[in-house]
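Enquirer: One-letter residues, chain by chain:
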Amino acid sequence: MDPAIGIDRLSKRYGSLAALDNLTLEIDRSEIFGFLGHNGAGKTTTINILTTLLAPTSGSASICGCDVVADSMKARQHIGYVPENVRLYDSMTARDNLLFFARLSGVREPSQRIGEVLAILDCPELATKRVGDMSKGQRQRIGLAQAILHRPDVLFLDEPTSGLDPLGIKTLRDLIVKLNRTLGMTIFMNTHLISEVSKTCTSIGVLNHGRLAYRDTIAGVLARFGDDQTLEELYLSLTPAAAA
Amino acid sequence: MTSRPAQIATIAGKEIHDALRTHVLSLLTGFLILAAMVSLTVSSIALHAEYLTYVQSRDLLLSLGKSINDLVPPAFFPLKLLRGFVEHVEIIGAVLGIVLGYRAAAVERGHSTLMLIMTRPLGRTAFLAGKLAGNMVLIVAGLAATFALGALALFVISGVGLGAADLLRIAIVFAAAILYVGSFFLLGFILALGFARLPTALLVAFAVWLTLVLIAPQIGDTMDPDNQVAGGVFRKLGIAKPEEKEILKSFATYETIRDDIEQASPAKHFERFSFAVLGIKDIYNGQPLADVILDRLADLWWLLGIFAGLVLYLFARPLNIARLSKEQ
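Chains as they are written, first to last, in our numbering: chain X, 1 to 244; chain Z, 1 to 328.
A portion of the hints provided could be inaccurate.
Derived CB-CB ranges, DEER-like [unchecked claim]:
#1 X:ALA127 <-> Z:ALA175: 19 to 27 Å
#2 X:ALA70 <-> Z:ASN320: 47 to 55 Å
#3 Z:GLY110 <-> X:ALA127: 37 to 45 Å
#4 Z:ARG197 <-> X:MET1: 31 to 39 Å
#5 Z:SER3 <-> X:ASP90: 27 to 35 Å
#6 Z:ARG197 <-> X:GLU125: 50 to 58 Å
#7 X:GLY184 <-> Z:ASN320: 53 to 61 Å
#8 Z:ASN320 <-> X:ASP133: 29 to 37 Å
#9 X:SER58 <-> Z:ILE91: 46 to 54 Å
#10 X:LYS178 <-> Z:GLY305: 55 to 63 Å
#11 Z:GLU255 <-> X:ALA70: 51 to 59 Å
#12 X:ALA70 <-> Z:LEU304: 35 to 43 Å
Some chain Z residues judged to face chain X by a derived CB distance under 7 Å, without partners named [to be verified]:
#13 THR10
#14 LYS14
#15 ARG21
#16 HIS23
#17 HIS111
#18 SER112
#19 MET115
#20 MET118
#21 ARG120
#22 PRO121
#23 LEU122
#24 THR125
No wet-lab data here; the hints were simulated from the structure. Just so you know, even glycine gets a beta-carbon here, dropped at the ideal spot from N, CA and C.
Using the sequences and the hints, build the whole thing.
Expert: Okay, structure coming up:
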C-alpha cells in the first residue's frame, strides 16, 4: 500500500532563495504528523506543494500514490485542507458553505453528509448560523467540516490552534484525535509548540531552513526533549551551530 | 467526482446568490436605471420645449398673416432620446462591471476560500469559467432590466409606441452593452486576481476606467473642430459638407491623432456603434439597420476583440499562489 504522503528530494526555490532543499519524508497512513519549524522554514511551502497549490522546482511528492503535479486532480480527491485562520464565506450559513464545498468535491447526498460531519465534530447546532457570527473556535470547526466532507485520506492543517483560547485548543486537539481514530485519516499539521504535538501527534518532523533536521516518533521526542520545550529550545538542541 | 459543468454551475450559482444577497448588483443597477431615467426625462423635456418653441413661432407667424412654409417642424425620433441613456450605460455600466469583477476575486481572497477551492478536484479553468458565467448572468440581468425599463419609459414619455424595428435596434445596443460591461468585469477580475494588494487592484481598475471612459473620449471630443463652437464650427460658418471634407484633408495628421485617441477607448466604440444603430447620430438617422451595422462593424469588432482578448488572457494566465489568500 502506498504511504499516505511520500516526499522525495523535494526542492522549491524562489530565485536564489531555497525555501525547500532536498526534503525527503514518508508518512504512513493513519499517522498524526506534526511538522515543526520556525517562520520561513518552509512548512507552508511544503503544505502548498502537497495540497497541489504550488509546483516544486525539483523532486516529487505524492498523496496515497498520486503525484501532486502529474496527477493533481486525483491527489486532490485524497486531501482535505484547513489553512491558517480559515474564514469561509461570512455571509453564508455553515450549511450553505458546506453545501458549496460538498458540491465542488462531488459528494453524493451532500445534505446527509453535512449532518454526519457536523455530528462527528459535535456542532450540529452551528448548521444554520452565519459564519460571520461565529467565534474563531466555531469557524475552525466548520473549516474542519469542509475539509472532511468528502472523506479524504489525508487532512492538512496549517497552524490549526493559532489564535484559539486554551479551551478551543483542547477541543480542537480532541477533534483531531477523534478524526484520526474514528475515520482513520492521516493528519499532517504545521505547528509551533512541542507541548501541542506531544498531546496529539504520533510522530514529528522538524524543518530548519528548508531541510529536515529531525524526524522521530512522539515517544522518541519525549524521551529526548521532554514535553514542555518550545520550538526554539528544540532547535537549539538540534542545531548547536545556531546556539553558538 | 463531480462533472465539470456541474462544478461550473456550482461556482456560477454561488456567485449569483452572493451578489443578490449583498445587494451589490441591485444597488448599482438601481443607480444605473435611475440615471438613465433622469436622462430620458431631461431629453423629453428638451424635445417638448423645442416643440413648444415651434408652436409659438408658428402661431406668431400665422397671427401676423405670414407663411409658415419656411418654418421646419421639429423632427421626432423617439430612439434619439436614448442619447443620455447610452452615455450612462457607458459610464455607470463600466463601474458596475469593475465592481462585480473586483468583488468576484476579492471575496475569495479575503476569506482564504480561493485556496480551499483550488485544493478541491476542480480545475482552474472550471473555477474561472464558473466565475465568468455567474457574473455574465448578473450583467445580462442588470442590463436587461435597465434596457427594458428604458424602452418602457421611452414609450411612456414619448407616447409613441415602439415598433419591432425600434426594439430590434435597442436589442442590438443591449448586446453591445453586454460585451462592453463584460470587458470591464474582466478587467476588474483579472486585476484583483493578479495584484498583491486588493486596494491597489481597485485603484488601477478605476484609473483605467477614468482614462478609457472619461479622459480619452473627452480629449477626442475636445480636439474635434466641429465641437469648438456650439452647433458645429463648419455649420456656423456656413461651410457645406464637401468643402468641410476638403478643409479637413489639410489636417489629416491632426485628425488621425484625434481619431486614434478615441479608438483607444472601448467607451467610444460602444458609443459610436450605439449612436449609429439608434440613429442618434444624424447621418445614420433613418438609414437601414443593415447598412448602419456594416458601416460601424469596426466598432463592433473592437468591442468583441477586447472582450475575447481579456477572456483569453484570464484563462491563459496561471493563478499565482501568493495571490490566493490574504493580501501579501
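Enquirer: In this structure, is the beta-carbon distance linking ALA70 of chain X and ASN320 of chain Z contained in 47 to 55 Å?
Expert: violated (21 Å)
Enquirer: Does the Cβ distance between ARG197 of chain Z and MET1 of chain X fall inside 31 to 39 Å?
Expert: About 46 Å separates the Cβ atoms of ARG197 of chain Z and MET1 of chain X, which means 31 to 39 Å is violated.
Enquirer: Verify the interface restraint on ARG21 of chain Z: the C-beta must sit less than 7 Å from at least one C-beta of chain X.
Expert: holds (6 Å)
Enquirer: Given the hint of 46 to 54 Å, check if SER58 of chain X and ILE91 of chain Z actually sit that far apart at their C-beta atoms.
Expert: holds (51 Å)
Enquirer: Using the Cβ atoms, figure out if GLY184 of chain X sits within 53 to 61 Å of ASN320 of chain Z.
Expert: 35 Å Cβ-Cβ, so the 53 to 61 Å window is violated.
Enquirer: Just to be sure I understand the hint, the distance between the Cβ atoms of GLU255 of chain Z and ALA70 of chain X should be within 51 to 59 Å; is that true here?
Expert: Once the Cβ atoms are compared, 58 Å apart, the range 51 to 59 Å for ALA70 of chain X and GLU255 of chain Z holds.
Enquirer: With respect to the beta-carbon atoms only, verify the hint that ASN320 of chain Z and ASP133 of chain X lie 29 to 37 Å apart.
Expert: For ASP133 of chain X against ASN320 of chain Z, whose Cβ atoms are near 32 Å apart, the range 29 to 37 Å holds.
Enquirer: Do the numbers back the hint for ARG120 of chain Z, that is, is its least Cβ distance to chain X under 7 Å?
Expert: Hint on ARG120 of chain Z: holds, closest Cβ of chain X at ~4 Å, below 7 Å.
Enquirer: May I ask you to test the hint 37 to 45 Å on the CB atoms belonging to GLY110 of chain Z and ALA127 of chain X?
Expert: violated (24 Å)
Enquirer: How about LEU122 of chain Z: closest beta carbon in chain X under 7 Å, or not?
Expert: With a minimum Cβ separation of about 5 Å from chain X (threshold 7 Å), the hint on LEU122 of chain Z holds.
Enquirer: With respect to the beta-carbon atoms only, verify the hint that SER3 of chain Z and ASP90 of chain X lie 27 to 35 Å apart.
Expert: With Cβ atoms ~29 Å apart, the hint holds.
Enquirer: Tell me if the interface restraint on THR10 of chain Z is satisfied: Cβ within less than 7 Å of some Cβ in chain X.
Expert: holds (4 Å)
In terms of the numbered hints stated before, the structure departs from hints 1, 2, 3, 4, 6, 7, 16 and 24, listed from lowest to highest.
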